[in-house]
Every structure is written in C-alpha cells, then in structure tokens.
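Visitor: If you want the building blocks of each chain, they are given just below.
Number of protein chains: 2
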Amino acid sequence: MKLATFKDFTTITSTASLLVAQHGGRAKCLQRLVRMGLPVPRTVALSFEAVTGISAGRMPDVARLLSTFGTTPLVSVRPSSEDPDWGGPGAVLNIGMNNARHAAMIDSHGAAAANALYLRFIRTYAVQVAHLDDALFDPAADPSADSVATALRGFEAETEQPFPQNPEVQLAGVLRSMARAWFSTSARLLRQARGAPVEAGLGLVVQEMALGVGPDESGSGVMQFVNPQTGQPKITGRYLSQSQGRDALTDRAGAIYLTRDPRGPSLEQVCPEVFDQLVGYGDLCRQRLRDEMQLEFTIQAGQLSILDAVKVQRSAAASVRIVIALCQDGIISRTDALLRVAPRALSELLHPQVDPTVPGIIVTRAIAASPGAAVGTLVFSSTRAQAMAAHGETCILAKRETTPDDVRGMHAAAGILTERGGMSSHAAVIARGLGVPCVVGASELRIDRRAGTIESASGHIFREGDVITLDGSSGAVLAGAMPMLHPALDESFETFLSWADDVRDIGIRVNADTPEDAQIGHRFAADGIGLCRTEHMFFAEERLTVMREMIFADTPTDRDAALARLLPMQRTDFKRIFRIMAGKPVCIRLFDPPLHEFLPHDREGILELAEALSRPVSDVQRRIDALAEFNPMLGLRGVRLGLTLPEIYDMQARAIFEAALEVSEDGATVVPEIMIPLVSACREVEIVKGRIDAIAAAVQAERGAPVTYRLGVMVETPRAALIAGKLAAHCSFLSFGTNDLTQMTYGLSRDDAGRFMGSYVRQGVFSEDPFHVLDRDGVGELLLIGAQRGRSARPDLALSICGEHGGNSDSIAFCRDAGFDYVSCSPFRVPQARLATAQLALISAHRD
Amino acid sequence: MKLATFKDFTTITSTASLLVAQHGGRAKCLQRLVRMGLPVPRTVALSFEAVTGISAGRMPDVARLLSTFGTTPLVSVRPSSEDPDWGGPGAVLNIGMNNARHAAMIDSHGAAAANALYLRFIRTYAVQVAHLDDALFDPAADPSADSVATALRGFEAETEQPFPQNPEVQLAGVLRSMARAWFSTSARLLRQARGAPVEAGLGLVVQEMALGVGPDESGSGVMQFVNPQTGQPKITGRYLSQSQGRDALTDRAGAIYLTRDPRGPSLEQVCPEVFDQLVGYGDLCRQRLRDEMQLEFTIQAGQLSILDAVKVQRSAAASVRIVIALCQDGIISRTDALLRVAPRALSELLHPQVDPTVPGIIVTRAIAASPGAAVGTLVFSSTRAQAMAAHGETCILAKRETTPDDVRGMHAAAGILTERGGMSSHAAVIARGLGVPCVVGASELRIDRRAGTIESASGHIFREGDVITLDGSSGAVLAGAMPMLHPALDESFETFLSWADDVRDIGIRVNADTPEDAQIGHRFAADGIGLCRTEHMFFAEERLTVMREMIFADTPTDRDAALARLLPMQRTDFKRIFRIMAGKPVCIRLFDPPLHEFLPHDREGILELAEALSRPVSDVQRRIDALAEFNPMLGLRGVRLGLTLPEIYDMQARAIFEAALEVSEDGATVVPEIMIPLVSACREVEIVKGRIDAIAAAVQAERGAPVTYRLGVMVETPRAALIAGKLAAHCSFLSFGTNDLTQMTYGLSRDDAGRFMGSYVRQGVFSEDPFHVLDRDGVGELLLIGAQRGRSARPDLALSICGEHGGNSDSIAFCRDAGFDYVSCSPFRVPQARLATAQLALISAHRD
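So the protein sequences, as listed, match chains A and B. Going by our numbering, the residue at position 166 of the first sequence is 166; the numbering climbs one at a time, nothing skipped. Going by our numbering, the residue at position 18 of the second sequence is 18; the numbering climbs one at a time, nothing skipped.
Calculated directly from the structure, the hints in this document are not laboratory data. Wrong hints could be hidden among the right ones.
Treat identical chains as interchangeable: a pair holds within one or across any two.
Below 20 Å or equal to it, Euclidean Cα-Cα: the simulated EDC-like pairs (lysine to aspartate or glutamate) are [as the list claims (entries may be wrong)]:
(1) K575 / E662
(2) K726 / E768
(3) K726 / D777
(4) K28 / D283
Just so we're clear, the structure is a prediction, and the values are computed from it rather than from any experiment.
Using the sequences and the accompanying hints, generate a full structural model.
Guide: Here it is as structure tokens:
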C-alpha cells in the first residue's frame, strides 16, 4: 500500500474531492469544465501539500502518476495556485518526449510535428528544469532533425548528462523545479507584494497532451467572448494550425481570426463545427462559471479539446460592464456584482491611461503618487505652469519638490513630477486632492530648475518645452507624447455605484477646498463635504496680495481692513460651495497653515512683494524671517493662529454665516459645520466657540434671520484624541485628521519621510507606509480612544476621518468597525470609497 | 443679640480659637507671641469669612470692635493671609486720628508727634481708602500744623467731603478698602501666580497702636537674629527714635544700629534693658516658633511692645544653614528641616547671583531661562564667543535665537541672551544643560548680528565689546558689570543633601553628555547617568571635520574610514565618563540628530567646508540642500538614521564596549546601558539589537573578555508609548524622553512655541508651559500607558524619564507615583531633584 503517495494526486473527475484551498483554482476550474461535459483531456491534480512535499524532497510515485495516462503518454504540467494573480512557474508541455517517442511520432505525425514537439520540450526542460541559459537554444531553429540533434548535444555539453529519456525522470524533474521555483525568495516576495499570504501553497495539474500538431486539421487557440477593454460582448482570440499552448497569441505568422473577418481567414470558416462548439462552451462557461472566461483549446485531427479556462483579464471599465451584464442576465446577484470589482479599479476609470499596447521610451519609473496619465510640455516653475495654462497649453510641472507656493502652479499643470518625496509628500497629497496625475521620488532624475533641465540616469537631457508623458498610475515617465485611453464615464458606472449606495451603511463625504472640487464631489454623489480647507482659497493671485497685506498689517486696524477685503471673497466661495452641495452638509475647517506659507521665499518674490506693499526689502525680509519656523508642522498654525490673531477666524465665521443665510434664502437650508484645526487643549475650543457664537449672534441681529451652525474639532494631535471626552462637551462632532495624527504619533513628517520610507517598508520596519494605510496599532488606537471617550461624554457625537486615509478601503473598514458616521476623501476617490463601503457592508452582513 | 457680628472678630488671647486657615498666619503668630508672654498690644482678628463679608457689603459692628480697645483708641490694621507670599494690602496705622485727637495729642505728645501721626494717617487713608493720587501729598512735608491743614484741605478738595472724623467711619473705610483690594482681579492673578488657590481668603488684624512717638525714649524698629544672606547667627536690623512701623528700615536719617557698632550709636547703648529684652524674646521665638523670626517692635516712653513677628526673608544658602542649625539645636526634626527648604532654592545656591542691594541700569526683563548671573563682553556669534574664550575672556553671547550650530559657542560663553524663544527654546534647554545663565525671549531688544548691535526699547545701543550683566535667575539684563554674590557650596549643603538621600526612594540620575557634565553630576552625587547624548561629542572642532567627511562619504567604505577615525575619540570619551562614574550606571543614547545639524548653513562656512573637503562649493551646497528637511524634528534622525546608515551605531556600540572593557580592567565593572532614540516601531529595536549583539560578540571574541550590556528604548513618540508592551519584549529599560514626547503629543515644536506660549499661558489655554511642567492629562497618560504596558510584559522593566522635566518636582512626583525607577535631569538640577524626591517620600510617608 502506497497510501501516502496516493493522497498526493487526484484524477480530476466530476466527483473527485477538490478544493481551491487545497488544489488551487486551475484544478478546481478544470473539474467544473469536466462536470459541464466539456472535452477536457485526462488531468491529475497535485495538492498544495504534495507540492510542498516535493519541494522538501518527497517525490510522489511518478510512475503511478504517469500510469494514469496509459502507456507512453505525453503530458503537460501547469501551476494551480489559489489566485492566478499570485504568479507561478510557466507551463511545461510534451513531457514524455524522448528519442524513441520522437522516432515513433515521425511516423505517426510527420517529421515536422515530431521535431517541433521534441524541440519545444528539450528547450523548456533545459531552461526550466536544468536552468540552462535560454540563449543556448535558437528559437528560430527549423523544426528539423538537425535542430533536434543540436539541441540534444547542447544539453549534454552543458549538463554533462545526456538528455533524460525516462518519462518518469522527466516528470519528476519538472515537478521538482516547479515546486522549488514557487518557494524561491523572489517568487515569495513577488506574490506577497500582490497580497498573497506567507503560507500560500501551489498545486499542479498534470494533463494528457492534446497535441495540436500532426495530420488533418490540428492546432491550438484561445477564445474569449468580451472585449477586455470595454467589456462589451465580442468574440476575440486567435487560432494557429499546427501549434500548441498559447502560440496563436504570439506574433507567429499564420494565426487566424476566430470569427469571419474581412482581413483574412477565420476559424469560423475553416472549422465551422468546432467554432460552433466553442461558442456553445463559452456560453455554458459564462452561465455555470458565472464569469467571462477565456478558453484555451486544441484541435487534434479535427477533434476539439478544452485544455484550460481562465477569467478574462479586463480593464476597470470592462470589469464594471461585465458584472452588470452578468447581473442583468440573472447569472450573478447584485451582491456578487458589487464584490467582484476591486474599489481601486474605479479610480482607474476616472483618469486617462497611457495606452499599454504602444511601446514607449521609459525615462524612469518612480512612485505612482496620483493616478492618471498626462502629456504635456515640460516646465520648471509654477509661474511658468500658470502662464502656459493661461494660453490653453497643457504642461507637466517638474520640481525637485513642491511647496505650498506651488499649489496654483500644480492646479494649472496637467501632471506633476518631483525628484524628491514619497506617497505622502506635499506634491503627492496635493496632486491627489486636485486629481492631477503625479509621479514623485524620481531620484534617478536630476531636475535642475536654474538650468531648466532634467537629466536622466542614462544622461539624456530634457529641456523646458520638451514634451513628456507622465503615468501617475504606474509611476512611469516617458519621452514624447504617448497615446492615451480616455475614460468613458457611462451609465454602467452610475448604475453600479447606485447599487453600492443601496447597501453601504457609512457616509462618504468629499474633501473639497474649492467650488471646482465640490462640483466633482457632487457629481460623484458624495454625501456632503467632510473637509473644506479654507486656506487654499487664498492662493489665487488677487487674494494672495490681500492676504499678504493682512500678514504685514502693523495694527489690528490695518489687519481688520485687509480681512474686510477678504470677507466678500470668502463669502462668495462659500456661497458657491453651499449652492453646489444643495443642502448636503458642508464642514468648513477654519484657517490652518502657518502664515509664512503665504510669503515668497525667493529673492524675486520678495522684491515683488516689497514693491506691492511699498515697503523696503529689508522690512519684508525681516517679517519673513520673523515668521520662519524650525518645524512649521508643529508651529504657530491652526487654532494657535486663531487665538493669536482672532480676527481671521472672526472674518471666516462671518463669511460662513452670511453665505449660509444668503443661500438658504434661495432654497435648501444650509447648516454649516465649522471645524477647528490642530486643537491640543480644551480651552482652545472654548475660546474659539465663544467668539464664533458672538459672530453668529451679530450676524443674526444684522440680518434678522436665525443663524445656526455645528461646531467640531479636528483631532490631529495625540493629545486631542486623549482628551476627546472633554472636547466633546464643547462640540457636536470630531473629525480625525489622520495625516497629521499619523505624523505626530510616529514623530514623522510626511514631507521628510520619503527619504527613508521605501527602505523602511522594504526592511519590514513598517509593514506599510502609515500615510498610505492607516496604522491600526498606534494611530488606530488613538482613534478608538478618541471615539470611545467622545461618545461616552456625548452619545450623539458625530465621528469621521478626513485625512488621506479616508479613501483607503482598509481605513474605511476600521472606521466602520469603530462606529464612525462618515469618512471623507479626495474627490476622485469618492467612487471607490462608495464601492469599498458597500463591500464592507455586504461582507459583514455575510459574516453575521 | 448680635451673634452674627460677634463671630466676625476675635480678641487675640492665649486661649482664643484661631486657625491659620480661618484667620491667617499673622493672627495665629500674634496669638503665639501672646501665649509666650511677649508684650503684644491688644489685637483683634477678623476671620476670612468676615473679610469676605465686608467685601460683599456686610460690615461688622465696628463700634463694638473699636470698643474692645477702650475709649478713643488709635489702632492699626494689617493683612493676615494664609501665606505671606500671597501679598495683601499695606498696613494702615493711626486709625482714630481726627481733629479732636490731634489737638489732644499736641498736648500729650507734643505738636511734632501729633502732626506726624495725623499726617501719616490722612495720607494713607487718602491713597488706600479714598484712592486719591499719592502725588497730592508731599511726602517731604514738615510735620507742621500747616502741613496737616494742607492735607485736610487737599482731601476735601479732591473728594468733596471733609476728612472723616468719626473713628468708626475711618475703621469701616479701611476694612472695606482692604477687603476689596484683596478681591480685585489684579491681586487675585498675582497671588494665583504665586501658587495661591482661587479661593484664598484674607484675614485682618486690628491692633492698638503702640505709638513710637512722644515724650521719653519712643521709636520703632525691626530686629532679626541671623544674617539673611548667609544664615549665620548675627543680630541685624535698625531702630529709629520717634518713628512708627518699618520707618527705621527706610533710608530716614537717624536710624541706628541695634548692636554696638563703631560706625555709630546703637540701641544696645541707648536702651540696654530693651535690647536685652528683645534678644531674649528673639531666642524665645526661635525656640517656640521653631524658625528664625524678624520682630517688629515699638518703644513707647521706654516701654517695649512687640507688634509683629514674621519669618526672616532669606537667601537659598541661608535657608539651608538656618534649618540645619535649628535641627542641630534640637528645635526641629530632620523631616521638618528637609521639608522647609524649597527644592528650587537649591539651584540658586549653585550659581552666582547679582547682588540685589546694588542698584543697576536694567536694560530689559525677559524670560529667566537658566539660573545664575554672568558678567561679560557682548558678542554676536558663536565663533567670536569661542575666540574670546580661547583668550580667557568671558563673554555674553547675544543672538536672535540659537541653533545647534551654536552649541560650541554657548559652551564658551558665560551667559546667553536671545531675542526669541521661551523656556523650552533651543537656547534655554541647552543653557540649562550646560549650566550657563540664560535670558531668552527678550523681545523688547533688537539683536542685529550683522550690525553687531543690540537696541533697547529706550533706543540705547549696545555694541560688540560692551560689558553687560545677565541675570538668568530674574530675567534681568543690566548695563555694565554688576557686583556678584558667589555661591558657597559648603559643608551644610552636603550635610543637608545627605539627609535627603537618607529618605528618598527614587533614583536621581544626571543628563551628562560630556566628561565635564559627568564630573558635575558625580560631584552632586547623582546615582548614575540617565542620558548621555553622544552627538554633542562630535561638535568639537577636530571631530566636526571628521563627522563632515563621514556625511560626505560617497561609499560605505569612505564612510567606514571616517567612522574609524571617530571610533577612538568616542571610546576615549566613554572611558573618561565610565571612570568618573566609578561603576555607577551610565545610559548612552545612540546618535540622534539629523545629519544636517553638522553642516554649515552660511556662505562662509560652506566655503570653508568646500576647501576642507576639496570639493566644489556647488557639491557641498547640493549635499546640504539634499539633507535639508521641512520638519527636522520629525525627520531622518534617531533610529531612522541608525537603520539608514547602520555603520554609525556599529561604531558607537564598538566604542562603548571597548571602553567598558578597558575601564573594567582597572576596577569597577562597567555594564553600559545603550538606548535607542526616536523609536516608533518594534522592528526598529529588533534590527538595532541584532547589530549591537553582533558587535558585542565580535568585541568579546577580539578581547577575550565577556561583553555585557543592557538595551533600552527612549520613548519619545506617542506610538512608542502605545506599543511599549511589545518594545519591552526586546529591551530591559524604557526611558521617556518627555521633551520630544510633549512636542509630539501636542503637535508643538519647542523651538517655535515661544512665539505664543506666553500668551497661551496668560489666557489659561495651557495652565502651564507643558515643556516646563509635565502635562499630566496628555503626556502623563502616555507615560502611564507605556509604563503599565511595559511592566505587564516585563515586570522587571526599568522605567525612567530623561527629558527636561526630570528636574521638576511635580514631574518627579508623577514618576514616583507611577513606580518609575529614576528620573534623570541636567547636572545643576541634581541637588534640587534629590531634595524634591526626599520631600515626596516624607510627605507620602506622612500621608500613609
């Protein structure tokens, strides 16, 4: 009894016991095909356990395995992991070929076919099993007897062993090499990067060869029934006579279309019965496997075999359209449809993509910081970017790093490229907020503003005015103008997200600083604005000037005068935003950044400012110096500025109240939410609340209409989280600003972290960039402490997060579990957040 | 029955029921004097409750009160609060004087005496009760009938009321004004600033006048029995014939010495019996009141009255010597002695003081950031300060603010003055660490480095080379060289602190970066070094050069070469420190600051560096730019640098181990403690531990002697506190770096906080500067979380704090309550920490 060995492999029949978690997805899928009655050649599945055993030197009874396939079989081996995305070793075909079989096949199938099969096997075996250099074997060699002899000699010369003739030895060699390849360090890291668990196993399927070569109509092909770009029904694929595997898809001459095509012959014409059979199988697969499948088939002397079926690779747009169609055809439920699309795929939908089929010159690959692609003229300063935009030209702004001074330029640019910084650098955060494609941390490039050049690692120089392409989804920077694929935001997208809204149970708001942002958020059906940062409103040219006058005011009177000029501008902004949001809640954060962000830092800018203010340069310089800070992140900003120069908050509160009243007169009642930034002590909230209440009373008296508002605290300091119970006594909502909270919890500036974050994540010091994925242990605990203390003090306290994490599925799950009311994210992340929350609701309903 | 009124005042007799908490300290002290049989004039005490009633308009039965003193009495009213430091209204004498009494006294005591008494009363009443301008009354006016008439007319002209003649009206007026003055906002704020509780009450004592004027020997004086500067026994004070109150102490002509004195007449000669009586009373007071008292006395026609006794105001040195003497004389216990001296007073002992008796020109008063006084030549750059020091000249370094570049200059300077910054600015922190007197935040001054001038608010210009005096204990900046009082660190100081060590139950270590610091800490009997910051060792001229070579190294090999040169320097430092500490524990923090702190930032420095390194300036500039950070506090420093350039920690570990082995060979075994800074993730500790273990093994193998060490984590980020349980698995101690932890918990940079901290504390937003007094709510909670989680995971985990808070009594109390093993503080704070911990132990023993 060889029981131990017997357990190692299982012949795939409709009744065999096979599990994806034990034998992998390919084995399971093949069993389904068998059950459906498709002509699948005899197949044996090796379990994860068996393959792990092989990698450790415990080879199953190969002779017994081979005997399953009769005498002198030819077989293939293919990987079968739990998830095809986790990679795996390549297929090996024609195992069993040897000199004797070769000689026999020359007779039965002809010399060309026999030589081709043997040659293919010798090469594959040499490279994958014996680890010889692929270059030893001429891929263009004729399938002649000479070529076979040369290959065999080459193998022997390199390995000092004759090419193995025993099929059992061949199969054992293939199984061992595949098992070891799976457990190699590089494969392990690769699949873990794609989300595989550490202990992910590999199954293997050993299948009798359907040869695809030989007499009569023989060949192989691949067929699918949707357009992988659009998801629209369409039969695509290729067929190639006298071929094996996926040869038809490579650029080999002779591959033909499947359906009738004016450009050439087609399978439909050549083998109409086989074509009809394939179409029928395709339909059956869609019905029974409940997805769009790609079939790999072989014709052997006119007989059709289905070797494999895999899910069709698809674009984001296609994935949405496919699940909608499946759902509408009654094949899958809405729940299935919603769970099948990765939320991240939706963001792809919203940005143009570089056409992946067109080869281009890649200048560098760096960090993909904000998705989408852009083609534009290279510029090196924000001023230049604005000038270009004013002339209707698209440009790519390249800087070593960006600063708040650059926000206007970034808005004007079609794409942003920086030499420094990581996912959380200023450039990356702002670009995502603006929805501008962005590549950061391109450390192989030398961006020299003064020289107006970018020098690539290879020494190529790009100059201002050169056109480049930026792919913020892949991190690639390409020379010249690459062709683009543009998003089709169609009905299916809207339908799909409306299904998501039907099931989700946590609010999604948008971070929108401007009417433009609000418009996008509203178009994406956000439940309101969760974070309206008011300071970005002051970077527009004419406002910046007034802002600077305010900063340079020597007396409160002068300051009030400048603020009085800013008031109507702010009021107009708020009115536009309130109107756009049409009664949905709008949460406005009071002025936050340090004042020095509004001042120029270069000689030129200082001269201009001195002129504009009619002050000596030394005066301007002195004020700039006086406002400079060692650690601006931890300096005089947020509510600290609000208490030091209270006139700013007074003005903002008035603008908010007046705007709310004026918009309410027209229609939907506006109850603005006002949020205080950077709180670290309870008294800060009390003092600001006192002043805002006074402004509210004054506006109410002046306008004769009731002024109402809700006050909240932005929890950004660890201390605010710890004292949340006390803060809750003074406000009706807390919104966790997870960007700053992460910075302070880690003692880590997002602007400076880029220099070592990559190395930290690679070394496993941080399992993820905490600015990208919410840190559950540290920041998360502070969120829970804050939430628990806040709600204990005030059960109806509204809770939310409004940092960059707001759009991340994992962070949303955390907030949902913690009982938060909503998350707020940048405009272009709203759709994916809507889907992610729907999925969470569905999964947790399923769990319960 | 006027029961309610009766309760309001109590005649002081030896059996009356008086409590400090109800009637104040003066009333209680007067009762003690009465009990001791001293000739105290009849006195009535008004309770806190009565005075609160008066302030609210409920006047007690003044007629009944006055009747206690017989017919037509003259009385005085003095404040009697719980603590004399809390301030209070000034005494009012001679209440009851009116035209009739004046006329009568001209007969009984003579015109001069009668006029003087009446004039004094009119003036005091006018100013304190009627709130007239003091300037209305000529203080130099002769005590003539004319002067009296003028004063009475003046009063009537201003108030449109005749001067009140009814003694009851007078007394009621005085009582009411004193009560109201106590409850005024300014008095309230003042006493709260001095530590009084919000509800602090005021008692009043009404005392029959012992006139001190009139026929025979009459007069008043003040006597004490120790030298208030040194605490040595010595009768001091003055007596003035025909005077009242404390007139003898003002500069009035005619005041005489008390004891025989070659410089002039003395009370001992003039009234030997009275003198002997006073000496006897003094001795009695010392025995019975258990402290050194100052007696206020009056002689009326040869008869001695004791009006009041208050504790002698004393210098820090005197306070120590006085309690030791009291203890040695068996008057008080050691516990009492230890509890009587304020810990903060000890730090005064360690620094020279500006002689307070010599008047000087005060240029400004700003924040007293590091105690002690210094006289020196004004310089405006660290380079200049070092040059001066090299020539043996003392200088005061004045800068707008200091940076890490200035540390060497600060070390060289005798005092530091900055225009910007608060108690926690770089200048303040470093100065306290160095024990250099320092005044910061002198915002009234304009320190202009380029011009080499300081401009005062009054427009006076000080130039480089001018001599100024800095008082870091009071915050005063004075023109010229002021005379100094130098500390006498004598036996009494040692004795006293040895008493403290006998009772304290928590360790006190010293923060010592250099052998010099270690020496001071050792002299002050610290229990070890709690924080040895290794980076300061690299700022010495020749080391800085090597350090910069290391930073500019292009390859690990070049970096290793530079580090190999630094190794023997570090080893030498560590050997010296280990030798000085003679077997006491030494906790060494691995390299912490960002590398850019070691690079020059001015044109001149960059040029020099380029020359030294033989590199183009553009190269140097580029490297400096590349290392620049937006928020250095939150950047690439601490363990992040340790993981990025691991060779630095390798070198330091080797230097520590080699030094420990070499010193151990000579005597006491050294088990170094190695601390990792800025940890925010567990894996950081694992990785560093792995490398240090490897170095330890290597050194052990090379030297053939066992290498042992203890590893610890410096908890500076909120996240480290939260994950303390996990960290404890990898180390044997946690030391909380409360400076950085406070910065991150509040999101507040200590270098930038100075600009609003003052206003924040004034507005009560923060009750105290959290960099000065540990924030119990936020930072404190993180300490408790960290301590609890750490100890749960590892019960023998050693816990400590090593931030600036280590020397603060309140913070020490917090750490003691939390079960910490020790606190670590700057060298000059060690004595006060030793006393503070002793007091905590005594108080808690008393409580239990």
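Visitor: I want to check one pair: K575 and E662. Are their C-alpha atoms no more than 20 Å apart within a copy, between two copies, both, or neither?
Guide: within (8 Å within a copy, 75 Å between copies)
Visitor: Using 20 Å as the alpha carbon limit, work out where K28 and D283 are close: within a copy, between copies, both or neither.
Guide: Within one copy only: 19 Å inside, 104 Å across.
Visitor: My question is about K726 and E768: at a cut-off of 20 Å on alpha-carbon distance, are they close within one copy, between copies, both, or neither?
Guide: between (33 Å within a copy, 18 Å between copies)
Visitor: From the Cα coordinates, with 20 Å as the cut-off, is the pair K726 and D777 best called within, between, both, or neither?
Guide: Between copies only: 11 Å across, 24 Å inside.
Checked against the numbered hints given earlier, this structure breaks none of them.
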